[in-house]
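Trainee: As a plain string of letters, each chain reads:
There are 2 protein chains.
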Amino acid sequence: MSGGHTAAMNKHPLDRALALAHSDLRVGQFTGATSPDYWNMVGPFGGTTAAVMLQAVLRHPDLLGEPVALTVNYAAAVLEGEFELVAVPIRTNRSTQHWTVQMSQAGPDGKLHVTTTGTVFTAVRRETWGTSDLPMPEVPRPEAVERLSIGPARAAWLQQYEMRPILGLLPAEWNGSGDASETRMWVRDAEPRPLDFAALAALSDAFFPRVWLRRATPVPIGTVSITTYFHVDSALLAEIGHGFLLGRATGQQFRNGYFDQAAQLWSEAGVLLATSNQIVYFKE
Amino acid sequence: MSGGHTAAMNKHPLDRALALAHSDLRVGQFTGATSPDYWNMVGPFGGTTAAVMLQAVLRHPDLLGEPVALTVNYAAAVLEGEFELVAVPIRTNRSTQHWTVQMSQAGPDGKLHVTTTGTVFTAVRRETWGTSDLPMPEVPRPEAVERLSIGPARAAWLQQYEMRPILGLLPAEWNGSGDASETRMWVRDAEPRPLDFAALAALSDAFFPRVWLRRATPVPIGTVSITTYFHVDSALLAEIGHGFLLGRATGQQFRNGYFDQAAQLWSEAGVLLATSNQIVYFKE
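Protein chains in written order, with the working numbering: chain A, 1 to 284; chain B, 1001 to 1284.
With the rest of the complex left out, here is chain A (with noise of 0.2 Å):
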């Protein structure tokens, strides 16, 4: 829990930000707490609660198998303070399992309300035949590539990715006149943290809305949904360790309130760890 400092404050931050705390009464049930750490302009940074409703799945008793696909619903705002996580599964077969995941929290009224809705898919996977047709950009090696200097921001989140911005991060003026909407960087952790699930589903999160570049416009956004698709097990996450990822974001269509978002992450060595998409609304 944010809360309980001491031995926890040895804790990677987020590690922190997934502590959760198994119910006695009902077997998938998990309290949490936002996390100062990743907190975004308004609220919490969605990848972190992405990362913690799919937490709840690889914390629960029954899990069979590793990540396979993500879905995470933002359907509420979510506040400052305790949440309770719920994931159950619906299904399992012989080698796959799928299940839902709720986030709630009290209101006002002290009920609970869900603010997330969920759902995940984990499996085991076998060695086959594989390829990718979607081949790592060729950019240049991160020890090549400046740091992002984030200076002391409201958004405490991004002070925990070390971001190398090779390509449209961020318009170089919020004059109006972007004309693209494709980021490219290295990315992890800035406090060293071996790789696993958690944080990779955070870290397809981790890019700029692409209206705000593409229009070189900082209109108000939200995520409403994201999905993301893990392509490696665990062991080979663990391989990459520390090492930088090369994420790469488009924005595809644009319309009426609303933009996609189609992500990908590659370790350095350009495996396809993940790839991911999500809808965002947009203002105006």
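Honestly, the hints are just simulated from the structure, not real lab data. Idealized CB from N, CA, C, for every residue including glycine. It is possible that part of the hints are untrue.
To be verified - Rough simulated footprint, nothing fancy, chain A against chain B, three-plus residues with beta-carbon under 8 Å: (1) 1121-1134; (2) 1249-1262.
Said to hold, decoys possible - Only pairs whose alpha carbons sit at most 20 Å apart, straight line, appear in this in silico EDC-like list of lysine to aspartate or glutamate: (3) A:LYS283 - B:GLU1066; (4) B:LYS1283 - A:GLU66; (5) B:LYS1283 - A:ASP233; (6) B:LYS1283 - A:GLU127; (7) B:LYS1283 - A:ASP133; (8) A:LYS283 - B:GLU1127; (9) A:LYS283 - B:ASP1233; (10) A:LYS283 - B:ASP1133.
What the hints assert, rightly or not - Derived CB-CB ranges, DEER-like: (11) A:GLY222 - B:SER1023: 47 to 55 Å; (12) A:LEU148 - B:SER1023: 50 to 58 Å; (13) A:LEU170 - B:LYS1111: 48 to 56 Å; (14) B:GLY1130 - A:ILE150: 29 to 37 Å; (15) A:LYS111 - B:SER1095: 17 to 25 Å; (16) A:ILE150 - B:ASN1093: 28 to 36 Å; (17) A:ARG147 - B:LEU1170: 42 to 50 Å.
Using the hints provided, position chain B relative to the given structure of chain A.
Mentor: Relative to the frame of chain A, chain B by itself:
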């Protein structure tokens, strides 16, 4: 229902597949049945299942707005016959609504078992700035492309679509020599029907499995989860009517039993109507 002939027989096959009866006992609870018209090799065409999940939301008396995002998880085989759908508006905001949907079927024990889970996001959309960063590929007009001739195959659903393949529909020979995973095709309902969200949800799944094309090998497959984003409103869909859509699908990563597919559907005029992603199991 598929059994309720006479009047139903005059309906379009998709409308028969989408026919639902609303329960008197519980708001948002419906019964329906799998359609022989959209039967696939060992179960219903997944596109129809996605469409019928969406339809439960569209038929719900409390619906606010129109669909923006749909995720459907194929948790278990859907058997021939009746199913139950439950659509729940989890959160209703001023102009947006988040839904969960579940499909269930009676098992041999007489109890209902969940076969399919889903989430839907609907919204009242307003006119805003907009643009597309994913232009339609340059392709010959539909009239210049030969229609795929589909014999009396085992897969009835194929008969329901007029497909005019431009690129990579299926391998020329099943000889294990595939080297690309991109399909481009003109597609629409074989029997004329005005385009709507349910039809678009089904069309988003109307591509042959990427792994068959990529490997030129017909291995067993099954979609695990599909997420479709709708970029237009019902008025624009109605304008398209029975016009052709250009469908494009690519495989991205194939590894250890799963691959993902990114798909797009444009109107003939080049408007990007929907972007869709799915993750698919494959054997070996």
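Trainee: Next step is simple, just say for each hint if it's right about the structure.
Mentor: For each hint, the structure was consulted:
| no. | hint | verdict |
| --- | --- | --- |
| 1 | 1121-1134 | holds (count 12) |
| 2 | 1249-1262 | holds (count 11) |
| 3 | A:LYS283 - B:GLU1066 | holds, 18 Å |
| 4 | B:LYS1283 - A:GLU66 | holds, 18 Å |
| 5 | B:LYS1283 - A:ASP233 | holds, 17 Å |
| 6 | B:LYS1283 - A:GLU127 | holds, 10 Å |
| 7 | B:LYS1283 - A:ASP133 | holds, 19 Å |
| 8 | A:LYS283 - B:GLU1127 | holds, 10 Å |
| 9 | A:LYS283 - B:ASP1233 | holds, 17 Å |
| 10 | A:LYS283 - B:ASP1133 | holds, 19 Å |
| 11 | A:GLY222 - B:SER1023: 47 to 55 Å | violated, 34 Å |
| 12 | A:LEU148 - B:SER1023: 50 to 58 Å | holds, 54 Å |
| 13 | A:LEU170 - B:LYS1111: 48 to 56 Å | holds, 54 Å |
| 14 | B:GLY1130 - A:ILE150: 29 to 37 Å | holds, 30 Å |
| 15 | A:LYS111 - B:SER1095: 17 to 25 Å | holds, 24 Å |
| 16 | A:ILE150 - B:ASN1093: 28 to 36 Å | holds, 31 Å |
| 17 | A:ARG147 - B:LEU1170: 42 to 50 Å | holds, 48 Å |
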